[in-house]
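Colleague: Please build the complex by placing chain B on the supplied structure of chain A, with the hints as guidance.
Chains as they are written, first to last, in the UniProt record's numbering: chain A, 1 to 412; chain B, 1 to 294.
Derived from the structure by calculation, the hints contain no laboratory data.
Check before you lean on any hint, since a few could be wrong.
Below 30 Å or equal to it, Euclidean Cα-Cα: the simulated DSS-like pairs (lysine-lysine) are [stated by the list, open to error]:
id	chain 1	residue 1	chain 2	residue 2
1	B	Lys-128	A	Lys-393
2	A	Lys-98	A	Lys-358
3	B	Lys-128	A	Lys-396
4	B	Lys-128	A	Lys-174
Which chain B residues face chain A? A few, computed with CB under 7 Å, are given here [unchecked claim]:
id	residue
5	Val-118
6	Leu-216
7	Ala-217
Covered by chain B, per the in silico footprint, the following chain A stretches (three or more residues, Cβ under 8 Å) [what the hints assert, rightly or not]:
id	segment
8	43-56
9	201-211
10	215-224
11	242-256
Here a beta-carbon is modelled for each residue, glycine too, at the ideal position from N, C-alpha and C.
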Amino acid sequence: MTYQSKRGLRGLLTAGALAVAATMPLKVQAEETYNLALLSDFSGPYADIMPILAGGREAVFTWWNETRGRELGVKLNYKNYETRYDAAQVASLWPGIKSELDPIAVVGLGGPDVAALSERLPEDKIPMFMATAAYGFAWQPDAWIFNPRPTYSHESVGFLNWMREQRGGDEPLKVAILASEASPAYVDMAKGLELYAEEHPEEIDLVEVIYTEVQPTDLTGQMRRVVRAGAEALVIQTNTSIVVAAKRGLQANGANIPIMMSSHNGLPASGGALGGLEQLEGDFEAYGMAIAADEDTPARQFYETLVADYGLEAPWNVVTAMGISQGLYTVTVINHAIEANGAEGLTGEMVREALFAKPITTEETHGFLPTLSFTPEAPFPLQGLKVNVGTVKDGKITIEATGVDVPHVEKW
Amino acid sequence: MVYFINDIITGALIGLLYSLVAMGFVVIYRASKVFNFAQGELVIIGGFIVWFTTMQAGLSLWLSIPLSLVLAGLVGYAIERIFLTKLIGESVFSMVMVTVGLLILLRGLVLLVFGPAVRPFPIIFPLKPLFLGDMLIPMNLLIGGIITIVAAVGLSWFFNRTRSGLRMTAVAEDHVVASSMGISVKGSIAFAWVLGAILSTIGAMIFLSGKSLTFLASDIGFAALPVALFAGLESIGGLILAGVIIGIVQSLTTNYLDPLIGGSLGSVVPYIIMLAILLIRPTGLFGWRTIERV
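Chain A on its own, in the form it takes in the complex (with noise of 0.2 Å):
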């Protein structure tokens, strides 16, 4: 190299230091640093789903550090553990996750969550949220678990008033729930939606509640029951291989009684395990949350843009959708705790205390939840609660009904 040549690119280099410098701003906004702890099941019951739903929040959590934290100087780091779905494995757990990342929020799944830290975390001042619907065995005051969507039981509620009303008449409508004692979570299901069928016979004739294993043998004679009791839905929030179960039973019996499903054991993964969504024609799924059907709806737009623009590789379905919400409101929550705290020194008692301060609009969860307004009475939204409804038509989920009001539901 000649000498020339040398200052020349000596030269070259100085002026792209001073070009960079430039263009940098005066002061580097320092950058916090916040750890979640997400709970996930790899191996467990929901197996399945689950790399769908981690799929779903995770990119939400990329997504809010690249534009909303980038802004605010704060970066969500998070880790996932895997709990089997088993709260045994939780509780042993928790401690170690609790030294290891001191996080400000935990990000749950399921009831086995709810169960092993319920006690633990008003203690350790952090809150968890859920992306499930709540369970009435944790409709306490002052919670530090929180649920985007009322209680199974709520959803089932406002389905059934929707289907009454879409049939139209003065007879209450003739409704089987199908359930298993396999878990807490689903004896919930069904005790909330028998007492309200207690308090509101002219709405809900609770003609048959059948517990079942979570991978039944035969169902042909339960479902026989059913169709004798003339029974005009049939409520199953469990499991997808409950589901299949039912419809063979169904089938072999010659029936065709709708079947509300929720969104951990929806349409395309029960359509999945049938070998077809056309199985599922006239079936429903409802949730108070966004319906991931084809029609094009903010949801769907944003889901886009997460697949677009930050790496989601999981397809557009009810499970997708459910980690979306739940790492919209997640990272929303902590968006208002920042506004009202600063970005320094943030606790999971400050982002609690944000959950209450301030309702969750629909338009800063995309579409994908109702306005959320929590109060310390309940770990879910007590007021102006709503559910969608999806059916499949033609083989595809449409969106049935979107908005349907839930009636007030006593605790049990």
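Modeller: Using the frame of chain A, we list chain B on its own:
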């Protein structure tokens, strides 16, 4: 009355399915005195093999069923060769502990190899039930019941009337003595595991036909446990009676008591029967009473 009889028939057929799965327990126990805690896991391994050959490889049922049985037999053989053959002559307890380890290992392997998704299981038996007047009998359970009875008769004859079967019984009595008498202990135990895996695969086909396949299906192993203990762990013929009794009691409890109490007593009642029989007659209904001469 018709529905009552129908519930009895369906219950008996479900009980026969439990008997078939329990046959896997008994075959392995009769050849090695080892209680295989991973019996339910053998059912899902068999289920996944059937699923793979039909739904993934796209083979016709006529081809995939025999192929699945052969592959299941090979899996049983491999399990015995890898995990159990080195324990021959050691205490039975250590072999039983290996089956507990197998339970965890096989569950993990299923997740690792096939993933966690719930899969549609092929429709092997007709979905349309058999109608007898007002009675309705699920076809998979009916055909399964016939298969179970045929298998029980065949295996009883094999164990009680053939030299190979009697040799396997001798192996179970004492590995060292059987070996000194020129009986191939390794061969007998390996054959029992091959048979156990094949029976489990047939059980998976009856249990899961037209339903969904996940590792939750392994719970059938626990459902079959009361049948095996009720019959007595050495009696293949006794499994039929025990299965029918437990199935009928469970069905009647599920259909007539559960609606009254609002719970799932039907899932628990087989275990209550099992505990009661263990208290009254620890060897089960048809189990062998060991006479020890001092």
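Colleague: Take the hints in turn and mark each one as holding or not.
Modeller: The hints, checked one at a time:
With a C-alpha separation of about 25 Å, the suggested pair Lys-128 (chain B) and Lys-393 (chain A) falls inside the 30 Å cut-off, and the hint holds. Of the pairs offered as hints, the one joining Lys-98 (chain A) and Lys-358 (chain A) holds, with about 27 Å between alpha carbons and a cut-off of 30 Å not exceeded. Restraint check: the Cα-Cα separation between Lys-128 (chain B) and Lys-396 (chain A) comes to about 26 Å, which is no more than 30 Å; the hinted pair holds. The hinted pair formed by Lys-128 (chain B) and Lys-174 (chain A) meets the criterion: a straight-line CA distance of about 26 Å does not exceed 30 Å.
At a threshold of 7 Å, the smallest CB-CB gap from Val-118 (chain B) to chain A is about 4 Å, leaving the interface hint in force. The interface hint given for Leu-216 (chain B) is met, as the beta carbon of that residue sits about 4 Å from the closest beta carbon of chain A, less than 7 Å. Because the smallest distance between the Cβ of Ala-217 (chain B) and any Cβ of chain A comes to about 5 Å, under 7 Å, the interface hint for this residue holds. With 6 residues having a Cβ less than 8 Å from any Cβ of chain B, the segment 43-56 of chain A passes the three-residue criterion, so the hint holds.
Proximity of the segment 201-211 of chain A to chain B, defined as three or more residues with a beta carbon under 8 Å from a beta carbon of that chain, is established by the 4 residues found. With a cut-off of 8 Å between beta carbons, the segment 215-224 of chain A has 7 residues touching chain B; three or more are needed, and the interface restraint holds. Coverage of the segment 242-256 of chain A by chain B holds. Counting CB-CB distances below 8 Å, 6 residues qualify, and the rule asks for three or more.
Consistency note: the structure conflicts with none of the earlier hints.
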